[in-house]
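J.: Listed here are the chains, written in short residue letters.
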Amino acid sequence: MSPAKYNHIDDNELLQRFYTDHDNEWLGILLQRYTMLLLGVCMKYLKNEEEAKDSVQQVFLKAINEMHKYKVDYFKSWIYMVAKNHCLMKLRDKGKYTTEINEQLMATPDEITDKNNYIEKDKALTSMAEALLQLNKEQQVCITLFYLEKKSYQEITAQTNFSLLQVKSYIQNGKRNLKLLMDKRKVDS
Amino acid sequence: MSDDLKNILNNSNKDIDNQKLMDYLSRQLSKQDTHDLEKMMADDDFINDAVEGLEQFNNVKKLPLSVEQLNRDLQKQISKKKARREKRKLKEQPWAYFAIILLLILTIACYIIIKRRMDTPKPPAPPVTSQPIRLKE
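As you go down the protein sequences, you meet chains A and B in turn. So that you can map any letter, position 14 of the first sequence is 1376 in my numbering, and since no number is skipped, the others follow by simple counting. So that you can map any letter, position 101 of the second sequence is 180 in my numbering, and since no number is skipped, the others follow by simple counting.
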């Protein structure tokens, strides 16, 4: 089966086909869609090209075995968790990663997706504009440049003199703080 | 403006294709596409981790080759598993064995019958004489 032939079929449909006839070919098509992303994730954690490639193969094997045992609803989130856990376990075995696997990693992807989606966007626009002003200066600048002025990471680093890592961190933390502020406002009102 | 503001907490769940990723890594995407992809990164930890990892490869241009190799290995693995499964399937189907045994029995029976026929002595043939047969008058 050539994966390109099935480009018009989305992940859910492929999952359904797999659960109907338990043919691993469907799983193969699904996994191949994420090979590059999985390679990137493994490389990010393991910092070694060969180890990253080996880990992707192990993640594939794990996925093929596990998918026959459990019903997976959100393949993308699930395979990401499998890859991330695999890398963290590997690092822990090497002694490079000593902290406990946090609750988020142990949670199922469904729970995470639910958590991410629980904010109703439309109702909160005014509140968000005000919340944006409550962020610290750096987060405010990066969020504004990125989301409102649609600048790229590179442009923001050039304009603000922050490093690329700082820009990403300010955007992610700023986004998280915005959510918290919005929740607080919701509770207060 | 309000749409942009709304987008901050809007987790985009779009899929990303490998070519776009490669173009991003080699800085060949347009400004708009670069921003779109970075927005996906900000919204999606999977894509963010992946891009950060892919950027660490020594030779980004070789990435498609590595991906292709991994996909080929995956296909091999799946075909192997499939063959094993088919084999097991055969084991799980007793009628297949029954058919094979029946075929064997039939073959052996045919062999025995043919052999017996060949071994049975034939009745002696009437003697052939060179004299002409005289008809009774």
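It should be emphasised that the hints constitute simulated quantities derived from the structure, not laboratory data. Treat the hints loosely; a few may be bogus.
To be verified - Anything over 10 Å on all C-beta distances counts as not near chain B; from chain A, calculated:
hint, residue
1, Thr1382
2, Lys1446
3, Phe1524
Claimed, not checked - Straight-line distance between alpha carbons at most 25 Å, and here's what the computed PhoX-like set of lysine-lysine pairs gives:
hint, chain 1, residue 1, chain 2, residue 2
4, A, Lys1367, B, Lys201
5, B, Lys99, A, Lys1415
6, A, Lys1438, A, Lys1415
7, B, Lys194, A, Lys1415
8, B, Lys160, A, Lys1438
Heads up, the beta-carbon is just placed ideally off N, CA and C, and yes, glycines get one too.
J.: Next step is simple, just say for each hint if it's right about the structure.
T.: Results for each hint:
no.: 1; hint: Thr1382; verdict: holds, 16 Å
no.: 2; hint: Lys1446; verdict: violated, 7 Å
no.: 3; hint: Phe1524; verdict: holds, 15 Å
no.: 4; hint: Lys1367/A with Lys201/B; verdict: violated, 70 Å
no.: 5; hint: Lys99/B with Lys1415/A; verdict: holds, 21 Å
no.: 6; hint: Lys1438/A with Lys1415/A; verdict: holds, 19 Å
no.: 7; hint: Lys194/B with Lys1415/A; verdict: violated, 64 Å
no.: 8; hint: Lys160/B with Lys1438/A; verdict: holds, 23 Å
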